[in-house]
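Trainee: Listed below are the residues making up each chain.
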Amino acid sequence: MWTTFLDALLLQAGYNAALVAIGAALLGIAAGTSGTFLFLRKRALVSDAIAHATLPGIGLAFILMVALGGDGRDLAGLMLGSALTAAAGLLLVEWTARETRLSEDAAIGAVLSVFFGFGIVLLTFIQTMSSGRQAGLDGLLLGSTAGMLFQDGIIIAIGGALSVVAVYVLRRPMTLVGFDAEFAEAAGVNVRHVDLAIMGLVLGVTVIGLKIVGLILIVAMLIIPAVAARFWTERTEFVVLGAGLIGGASGYIGAALSASAPALPTGPIIVLVCALLFGLSLLFAPIRGVLASVVRHRRFQIRVHRRQGLLALVHGEAIHDRMTLAVLRRDGLIRADGVATDSGRALAAKALLDERRWEIVRELHFADGVKASLDGLTPIEEVLTRDELAEIDKRLGPPVVVGG
Amino acid sequence: MAGRSVKVAAQDGQIVQQPPADDSPLAVRGLTVSYGDKPAIFSVDAVVPPESMMAIVGPNGAGKSTLLKAVLGIVEPLSGSVSVYGEPLAKVQDRVAYVPQRASVDWDFPTRVIDVVLMGLYRELGLLGWVTGRHRKTAKACLERVGMAEFAGRQIGQLSGGQQQRVFLARALAQDADFYLLDEPFAGVDAATEKAIIDVLKSLKADKKTVVCVHHDLATVSDYFDHVLLINVRKIADGPVATTFTAENLQRTYGGRLATTHIDELRLPAG
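Heads up: the protein sequence lines correspond to chains Z and H, in order.
Counting from 1, one number per residue, gives the positions in the first sequence under our numbering.
Counting from 405, one number per residue, gives the positions in the second sequence under our numbering.
Hint data in this document are derived by calculation from the structure and do not stem from the laboratory.
Be a bit skeptical, because a hint or two may be false.
For lysine to aspartate or glutamate, the following EDC-like pairs were computed, each having C-alpha atoms within a straight-line distance of at most 16 Å [unchecked claim]: (1) Z:K42 with Z:D105; (2) H:K612 with H:E652; (3) Z:K350 with Z:E382; (4) Z:K42 with H:D510; (5) H:K544 with H:D510; (6) Z:K42 with H:D512.
If we strip away everything but chain Z, and leave its shape as in the complex, we get (with noise of 0.2 Å):
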């Protein structure tokens, strides 16, 4: 299986095999950078609703296609009727909540299930179709990359090249109206247009992913790419970027693996390796991460309890934190009975004078707003120079003995 998986990543596995790598990815960047948006609007709802909405298009789509005496099976076709549908959808949902006095999440579940129930029905009828019993469109549900032609790889191509470039022409509209949709109305950009802008790339991404990864699971490529890129970076360009890249790898990886072995489904296997993309950002992204936060955390808890331990020594307090005495031990300031050493009461006094330092420094700067460094835990060094802390110490007066 490996070998085949490596083939697989080198697109030598086969023209099929590699004609859905390579739709995958681009449609994995396409997903991603364009459900980034929709994230950062706090919809990602939305896309839900507009999957579900695309099966009543499929259903009729295929009916007019065999009525006029067509192939019902024709992806162009398939895919113009999801979108009539899906437009149809989002318009409902974004006039209810509008209009009425639904919130937007209420609508959203209305119209999903109401569409998707209908699109149900009418897959059902096409089962009773003479020509309908090999129709295969239930593939359409969870995707199928079997029998992917070269030019549905053409049509996933075109549509994902031309979500990317409306997601970079539109990035400033989208950013302002995510961030402060009042302040973007009151600059002159037409918050709605941009929502529907937003949603209509979102269907637009839906209707290409059909294909591949089917319409329930294009909702994990609109989301979890832009979530997973979210703990890298707090800039929104990095975002969208980030979303491209991790909607594209899972798209490559996750065709590679299912054509490496016979009963991988291509889609759930793309949102699997997805996932795990995100499990991963998750845990060890530096900016955001659980793990770095963890250690953050941690690191601060340390300073309290060290600063706290040795003005603790330097009052002649008892410490009974269990935390602090490990703390001051394991860095040679008391001995193991409790009793401050040399380096311990040395450090234990500088604490002390820096603590009458911050008071003068807080007085000085009461009404400053800066009082966020002022804490007292950050090195009094880092945050004054060295004349400004001169000037300080001559308010102090002479040094003091301090017990010991």
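Using the hints provided, position chain H relative to the given structure of chain Z.
Mentor: Positioned in the frame of chain Z, the structure of chain H alone reads:
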């Protein structure tokens, strides 16, 4: 245009003659906004004189923010008209800058302080313009003016409330407008921020810009502003602070909600 005058329906139904105010930054006529069946503001007429600093003052729920949002096209008015420098807002959008209330923003958004200020330049940049060193320099200079230059690289949510407010002001400065509208810029900020903001606003006035603030602190109205608009759903009074910000008008604005002792503390000229 000379001698032209328009008929305006005043609040009490009388028709008054009012000269057109083509150069005033803002002229509002019969503006009514309603959320549901209850008007938030009703038939408000007001003119903001050029190069003035005006406070919009009134009790909670008086429609102060709504008035601002209607002027900016954020909420749609039920009736009435708004003209900015004698034109509809869309035509003179680049002459207007807005500082919204802090609550309107997503603080966990992936954006740094400098990026927020650059948003003030988006109109100039358009869809495809590249952000160049010149733009970054402008943004930095705006941060400098509000005393926030050293925070340029921070994620916006890591700032204190007052610091966030200053960044918003810097973004409005980057827009390089003639007319600044601010919604409660002093709400919940520290003393240093309040001073930084008022210094910037006064420097704007010195540069012949016009400033309108929704303001809640009656004690500072006379110090900070030269004009005042008192509203409580309807307009109560507007004009220079010296003649308009009187105990009598305040009593009419706040009704029984403002204790007489509070008004006495303001040491206002007799109404």
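Trainee: Please go over all the hints and tell whether each is borne out by the structure.
Mentor: Status of each hint after checking the structure:
1. Between K42 of chain Z and D105 of chain Z the CA atoms are separated by roughly 11 Å; this keeps the pair inside 16 Å, and the hint holds.
2. Pair hint K612 of chain H plus E652 of chain H does not hold up; C-alpha atoms about 31 Å apart against a cutoff of 16 Å.
3. Only pairs whose Cα atoms come within 16 Å are accepted, and K350 of chain Z paired with E382 of chain Z is accepted, the gap being roughly 15 Å.
4. Under the criterion of a C-alpha separation no larger than 16 Å, the hint pairing K42 of chain Z with D510 of chain H is consistent with the structure, at around 10 Å.
5. Between K544 of chain H and D510 of chain H the alpha-carbon distance is near 22 Å, which puts this suggested pair outside the 16 Å criterion.
6. Proximity of K42 of chain Z to D512 of chain H is assessed by CA-CA distance (about 11 Å); at most 16 Å being required, the pair is judged to hold.
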